[in-house]
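There are 2 protein chains.
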Amino acid sequence: MKTLIICSGGLDSVTLAHKVAEDKDRTLTRLVSFDYGQRHKKELSYAKACADRLGVPHHIVDISSVGKALTGSALTDDVDVPDGHYAEESMKITIVPNRNAIMLAIAYGMACSNGDEAVATAVHGGDHFIYPDCRPDFLKSFATMQGYALEDVAEIELYTPYASLSKTEIAADAGALNLPLEETWSCYKGGEIHCGTCGTCVERREAFDLAGVKDTTEYADENFWRESVKKAESA
Amino acid sequence: MKTLIICSGGLDSVTLAHKVAEDKDRTLTRLVSFDYGQRHKKELSYAKACADRLGVPHHIVDISSVGKALTGSALTDDVDVPDGHYAEESMKITIVPNRNAIMLAIAYGMACSNGDEAVATAVHGGDHFIYPDCRPDFLKSFATMQGYALEDVAEIELYTPYASLSKTEIAADAGALNLPLEETWSCYKGGEIHCGTCGTCVERREAFDLAGVKDTTEYADENFWRESVKKAESA
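Chains as they are written, first to last, in this note's numbering: chain A, 729 to 963; chain B, 729 to 963.
Calculated directly from the structure, the hints in this document are not laboratory data. A couple of the hints might just be wrong.
Because identical chains share one entry, a pair is satisfied inside a single copy or across any pair of copies.
[What the hints assert, rightly or not] Straight-line alpha carbon distances no greater than 27 Å define the calculated DSSO-like cross-link-like pairs of lysine-lysine that follow:
1. Lys917 to Lys942
2. Lys776 to Lys730
3. Lys730 to Lys796
4. Lys958 to Lys917
Start from the sequences, fold in the hints, and give me the full structure.
Structure (structure tokens):
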């Protein structure tokens, strides 16, 4: 089954790309990344590196004009990125309204144009409590909508193998697939190396720790995450 | 109810804008147009004129990078635009895959950011047989999907008053609302005036004729449409 993957260059989507590449029932056809005007574009180069490693084309779709229209998010505006654990209220600032619906709809259009049979995305269970457009009900309704939108035109599966799994299970998968962990980018800040203090850095370190996978990534702050996890657990 | 309208500058969406502007239960907040790399951008200036007339902001969202990614359509590629009636097989070339899902998802994101309570689109019954993403089943499933995507964030209605009406009924509405018909653009070609021979010109002339509304628009070919309609009827 010819499969297009939405790939940000982060741990989840790069792991998914490697998983699909090794899946005998699937053929990885392309990686698609979105430039929605995020303040740093570092992660896009990690998606490109993944595509090169797996020998497939990498498409960057520029939706920065859309990003500008969708104000109010720390990912696109001049608002400070908060430090700390995802579970904290302050993390809500990182929501770009309707982002997954927009990216998935574009990916479906591209899949349709290119004759792909599946669109894969690495949304996972850990995202549910804060992002409604990562929840299973959303994903199911999105696939249903696409069935109607492309009726008589194409039948394209929405492949979301991590939708009910935790970040820890993805970290374990990454370890099992032997992918170069330092070749994935999670940090919300745009430094040379991972900051170690933003929500995604903390979540990433916690996941590798719980999965028992040795993390080869370099972090500016090596120890912040343990305190942050403790704080979230006692909240 | 604060209502955002997706407006192409065509007859249907300009009529819808005037309809919402006169609706006591609604407040028109903004018109949103999409530049998806269509070969001519003339219609966008008609959307702008409509926004100016009604005193609301006009947003143009540049998704031309998406247009490039979605190859295979006469609206964005270097393929000749076919002449004739919409009902003909040749009109299928004018389909941009998944276009409505993409535009609606972006419009929902903008509505969410701006505190709008409804997204309105002028899709109508005449589009059903060729465009699956204009059919009532699609629209209903799209609204359901958005309910999940923005759960706990916003509740935004999908307003589609023309979904079960014909182009003729929209033409009648345009007449009743007294809007300047020559200030709407339907032609798929990019000439100085409407060509009168492409699918949308033929459909437009037929609709005004059936509605008994005097069409003040100038056409390069005044008579082609009658022959084309006859041809479609006898097919």
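Here is how each hint holds up against the structure:
Taking CA atoms no more than 27 Å apart as the test, Lys917 paired with Lys942 passes inside one copy only; the shortest distance there is 23 Å, against 60 Å between copies. Proximity of Lys776 and Lys730 under a CA criterion of 27 Å is satisfied intra-copy only: 19 Å inside one chain copy versus 42 Å between copies. For the homomeric pair Lys730 and Lys796, the shortest alpha-carbon distance between copies (21 Å) is at most 27 Å, but the shortest distance inside one copy (33 Å) is not. For the homomeric pair Lys958 and Lys917, the shortest alpha-carbon distance inside one copy (22 Å) is at most 27 Å, but the shortest distance between copies (63 Å) is not.
The structure is consistent with each of the numbered hints, conforming to all of them.
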